[in-house]
Amino acid sequence: MLSEATRQKIDALIRKYPHPRSALIPALWLAQQEAGYLCPEAIRDVAEIFKLPTNEVYEVASFYTMLYKKPVGKYVIQVCTNISCLLCNCEEIMAHLENRLGIGPGETTSDKRFTLMETECLASCGTAPVAQINEDYYESLTPEKLDRILDSMK
Amino acid sequence: MKILTKNMHVPNLREIGVYESLGGYQGLRKSLRDCKPNDIIEIVKKSGLRGRGGAGFPTGVKWGFVPKNTGKPIYLCVNADESEPGTFKDRLVIEKDPHLLLEGTIISAYALDCHLAFIYIRGEFSYGATVLEKAIEEAYSKGYLGKNILGSGYDLDLILHRGAGAYICGEETALLESLEGKRGHPRLKPPFPAVVGLYRCPTVINNVETLANVPHIINNGPEWYAAIGVERNTGTRLYAVSGHVNKPGVYELPMTVTLRELIYDHCGGIRNGRRLKAVIPGGSSVPILTADRVDTRMDYDSVAKAGSMLGSAGVVVMDESTCMVKAVRRITRFYAEESCGQCTQCREGTEWLYQILTRIEHGRGRAGELEILLDLCTQMKGRTICPLSDAAAMPVESYIKSFYDEFAAHITQQRCVILPAA
Chain A
1 MLSEATRQKI DALIRKYPHP RSALIPALWL AQQEAGYLCP EAIRDVAEIF KLPTNEVYEV
61 ASFYTMLYKK PVGKYVIQVC TNISCLLCNC EEIMAHLENR LGIGPGETTS DKRFTLMETE
121 CLASCGTAPV AQINEDYYES LTPEKLDRIL DSMK
Chain B
155 MKILTKNMHV PNLREIGVYE SLGGYQGLRK SLRDCKPNDI IEIVKKSGLR GRGGAGFPTG
215 VKWGFVPKNT GKPIYLCVNA DESEPGTFKD RLVIEKDPHL LLEGTIISAY ALDCHLAFIY
275 IRGEFSYGAT VLEKAIEEAY SKGYLGKNIL GSGYDLDLIL HRGAGAYICG EETALLESLE
335 GKRGHPRLKP PFPAVVGLYR CPTVINNVET LANVPHIINN GPEWYAAIGV ERNTGTRLYA
395 VSGHVNKPGV YELPMTVTLR ELIYDHCGGI RNGRRLKAVI PGGSSVPILT ADRVDTRMDY
455 DSVAKAGSML GSAGVVVMDE STCMVKAVRR ITRFYAEESC GQCTQCREGT EWLYQILTRI
515 EHGRGRAGEL EILLDLCTQM KGRTICPLSD AAAMPVESYI KSFYDEFAAH ITQQRCVILP
575 AA
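Line order of the protein sequences matches chains A and B. Numbering of the first sequence is given in our numbering, commencing with residue 1 and proceeding in unit increments. Numbering of the second sequence is given in our numbering, commencing with residue 155 and proceeding in unit increments.
If you are wondering where the hints come from, they were derived from the structure by calculation, not from laboratory data. Small disclaimer: the values here were computed from a predicted structure and weren't measured. We treat Cβ as the ideally placed atom computed from N, Cα and C, and that holds for glycine. Wrong hints could be hidden among the right ones.
Computed cross-link-like contacts, SDA-like style, restricted to lysine to any residue with a CA-CA straight-line distance of at most 25 Å [what the hints assert, rightly or not]:
(1) B:K288 / A:K145
(2) A:K145 / B:S280
(3) A:K69 / B:G495
(4) A:K16 / B:L310
(5) B:K226 / A:R21
(6) A:K69 / B:E505
(7) B:K288 / A:K69
(8) A:K9 / B:K480
(9) B:K480 / A:K16
(10) B:K480 / A:T127
(11) A:K16 / B:D267
(12) B:K288 / A:H96
(13) A:K145 / B:Y281
(14) A:K9 / B:R337
(15) A:K16 / B:G495
Interface residues of chain B toward chain A, partial, derived using beta-carbon atoms under 10 Å [stated by the list, open to error]:
(16) Y229
(17) S237
(18) F242
(19) K243
(20) F272
(21) T284
(22) C323
(23) G338
(24) H339
(25) L342
(26) P344
(27) V395
(28) G403
(29) G468
(30) A481
(31) R487
Which chain B residues face chain A? A few, computed with CB under 7 Å, are given here [said to hold, decoys possible]:
(32) G240
(33) G277
(34) E278
(35) A318
(36) G319
(37) E334
(38) S396
(39) G397
(40) N400
All chains, full assembly: derive it from the sequences and hints.
Here you go:
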């Protein structure tokens, strides 16, 4: 169930746009904040608010990679492996993370702390290799630098 | 010659007071005071400004396509969905000088008789969204947005809209679909967005860097702007250089700079004293330039003449240690991943390209597969709703043609002939 606070925020968003449907993706962002991912109940609640079939909302959500359809860890580590990062040793970064966390891309550690993902270009190519952890960018990465970053994430 | 980045060293430039102290919002004052909307369109036409997103279409001409007096509202959408691999210049403007973007947006909206504008920012730019949100609040509180802007009688509201991770939403019609709360499926054109756009109303979509030029054109005049660079390629570009150079980064330069000057004079040359092998001059979708093209001038027309495209000016530099099969395989994976799935040629084609390139890279390539790849590329180009299919095919075609022996050797020797064996 979506909280009352989230429902109010969604209502405010709907009023902001000339057409209510434009608030759907922003609303899904808000709904995701509640459980860390879009659980079926959250999608159903959003669909109800927008008076849309649940399937249609799921169809929209499934198009966007940052809207998670299954649970993720506390920290979502997204390593860019696109061309500029590939030229700057992102493979070493990825291998280091897989070793350290004991998981592969798309997986979550058993303590639910870290989810590892490969991602597409983050528009930070001048400071490759780069990763996004939750909302923040971490640039010019080396295995040592990554270790320090992960050590600080409890 | 710096225009867009000239103030970026100033601390706290993001704050509206600092921006104003450097002459900020004077272009808007001048526009509202001295110009009718149509005057601004004429000024921008005269400046020669061309779109900085990728296609390079003249901005003023694009604005001129918007039909007036249809009784429908006109919308302006700022494309801040910077996602073309190798491109990272709009992010710089958004994060360092958000008011420059806002000022350009407000002037452009005034020119278009638009009263509601949107900034569509990619979901990953969480920090940029925070910066813009604050800048928009400041602009409202100072009377640069809202009702009766600076006493002119002109009203404009601006909504920041955050995407949620989909490359295709940088394509203008996909952006509109996404902004309408749907999957980012590109629309068939025509009708073009200028006539049937957001909510089926006339709509202009402009790139961040494009709009950031507008205040400077208003302040200094179109003749001043047109005198920078060369004919048909006026003004500066934000060249975002990455890959095997000593000093990667965003370099603002007039479009008279050559690739050689960009790499060796500005970016400190190739890393580890290696030799240049190839360059992507305008984001991952454009054809590759081989090292012998290094004297190409980095303007729209010269890069086109050299067989590629200036595109987004995301310049990716590759040295002699780069395996071209591996490079293009990764780029192809991206397009396979990001294909929206509407058109068969693209949905299936990108995946086939990726599978065949993967086989070749892993030493399992079969005789005749290069010809199959090239044939596939031909089938994928110019037959789909949007350019993503072409964007996937163009690199594959050009990498194979430019480095045929290297690709062929991967197949005959059943291994990578560039990278040392792991």
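Tested hints:
1. The straight-line distance between the Cα atoms of K288 (chain B) and K145 (chain A) is roughly 31 Å, outside the 25 Å bound, and the hint therefore fails.
2. Only pairs whose Cα atoms come within 25 Å are accepted, and K145 (chain A) paired with S280 (chain B) is accepted, the gap being roughly 22 Å.
3. A threshold of 25 Å between alpha carbons decides the hint, and for K69 (chain A) with G495 (chain B) the separation of about 19 Å falls inside it, so the pair holds.
4. The suggested pairing of K16 (chain A) with L310 (chain B) holds, with an alpha-carbon distance near 14 Å, which does not exceed 25 Å.
5. Using a Cα cut-off of 25 Å, the hinted pair K226 (chain B) and R21 (chain A) holds, with the two alpha carbons roughly 19 Å apart.
6. Annotation: proposed proximity of K69 (chain A) to E505 (chain B) holds, straight-line Cα distance about 23 Å (limit 25 Å).
7. Between K288 (chain B) and K69 (chain A), the direct Cα distance comes to roughly 30 Å. Violation of the 25 Å bound is thereby established for this hinted pair.
8. Restraint check for K9 (chain A) and K480 (chain B): not satisfied, since their Cα atoms lie roughly 46 Å apart, outside the 25 Å limit.
9. Note on K480 (chain B) and K16 (chain A): the hinted pairing is violated, with a Cα-Cα distance of about 46 Å set against a maximum of 25 Å.
10. A distance of roughly 21 Å separates the Cα atoms of K480 (chain B) and T127 (chain A); the hinted pair therefore holds under the 25 Å criterion.
11. Among the hinted pairs, K16 (chain A) with D267 (chain B) is consistent with the structure: their alpha-carbon atoms are about 20 Å apart, no more than 25 Å.
12. With a CA separation close to 37 Å, the supplied pair K288 (chain B) and H96 (chain A) exceeds the 25 Å bound.
13. Pair hint K145 (chain A) plus Y281 (chain B) holds up; C-alpha atoms about 21 Å apart against a cutoff of 25 Å.
14. For the hint linking K9 (chain A) to R337 (chain B), the alpha-carbon distance of about 22 Å falls within 25 Å, and the restraint holds.
15. The hinted pair formed by K16 (chain A) and G495 (chain B) fails the criterion: a straight-line CA distance of about 31 Å is larger than 25 Å.
16. The beta carbon of Y229 (chain B) is positioned within 10 Å of a beta carbon in chain A (closest approach about 9 Å), and the interface hint is therefore held.
17. Taken as an interface hint, S237 (chain B) checks out: its beta carbon lies about 6 Å from the nearest beta carbon of chain A, inside 10 Å.
18. Interface restraint check for F242 (chain B): the shortest CB-CB distance to chain A comes to about 4 Å, inside 10 Å, so the restraint holds.
19. Below 10 Å, beta-carbon pairs count as interface contacts, and K243 (chain B) has one with chain A at about 9 Å; its hint therefore holds.
20. A distance limit of 10 Å between C-beta atoms decides the matter here; for F272 (chain B) the minimum to chain A is near 9 Å, and the interface restraint holds.
21. For T284 (chain B), the interface hint holds, since its Cβ comes within 10 Å of a Cβ in chain A; the closest pair sits about 9 Å apart.
22. A hinted interface residue such as C323 (chain B) counts as satisfied when its beta carbon comes closer than 10 Å to some beta carbon of chain A; here the least separation is about 9 Å, so the hint holds.
23. Hint status for G338 (chain B): holds, given a least beta-carbon distance of 6 Å to chain A, under 10 Å.
24. Satisfaction of the interface hint for H339 (chain B) is found here, the shortest Cβ-Cβ separation to chain A being roughly 8 Å, below the 10 Å cut-off.
25. Restraint check, L342 (chain B) versus chain A: the minimum CB separation of about 19 Å is more than 10 Å; hint violated.
26. Because the closest C-beta pair between P344 (chain B) and chain A is about 23 Å apart, greater than 10 Å, the hint is violated.
27. Checking V395 (chain B) against chain A by beta carbon gives a least distance of about 7 Å; that is within 10 Å, so the hint holds.
28. Restraint check, G403 (chain B) versus chain A: the minimum CB separation of about 5 Å is within 10 Å; hint holds.
29. For the restraint placing G468 (chain B) at the interface with chain A, the shortest Cβ-Cβ distance is roughly 7 Å, inside the 10 Å limit, so the hint holds.
30. For the restraint placing A481 (chain B) at the interface with chain A, the shortest Cβ-Cβ distance is roughly 6 Å, inside the 10 Å limit, so the hint holds.
31. With 10 Å as the threshold, the beta carbon of R487 (chain B) comes within range of chain A, its nearest partner Cβ sitting at about 9 Å, so the hint holds.
32. The criterion of a C-beta within 7 Å of any C-beta in chain A is met by G240 (chain B), whose closest approach is roughly 5 Å, and the hint holds.
33. A cut of 7 Å between beta carbons decides the hint on G277 (chain B): the least distance to chain A is about 4 Å, and the hint holds.
34. Given hint, E278 (chain B) at the interface with chain A, holds; its Cβ is 6 Å from that chain's nearest Cβ, closer than 7 Å.
35. Of the supplied interface hints, the one on A318 (chain B) holds, with its beta-carbon coming within about 4 Å of a beta-carbon of chain A, less than 7 Å.
36. Checking G319 (chain B) against chain A by beta carbon gives a least distance of about 4 Å; that is within 7 Å, so the hint holds.
37. For E334 (chain B), the interface hint holds, the least distance from its beta-carbon to any beta-carbon of chain A being 6 Å, beneath 7 Å.
38. The beta carbon of S396 (chain B) is positioned within 7 Å of a beta carbon in chain A (closest approach about 4 Å), and the interface hint is therefore held.
39. At about 5 Å, the closest approach between the beta carbon of G397 (chain B) and any beta carbon in chain A falls short of 7 Å, and the interface hint on this residue holds.
40. Evaluation of the N400 (chain B) hint against chain A yields a violated restraint, the C-beta minimum of about 12 Å exceeding 7 Å.
Figure legend: structure checked against the earlier numbered hints; hints not met, in rising order: 1, 7, 8, 9, 12, 15, 25, 26, 40.
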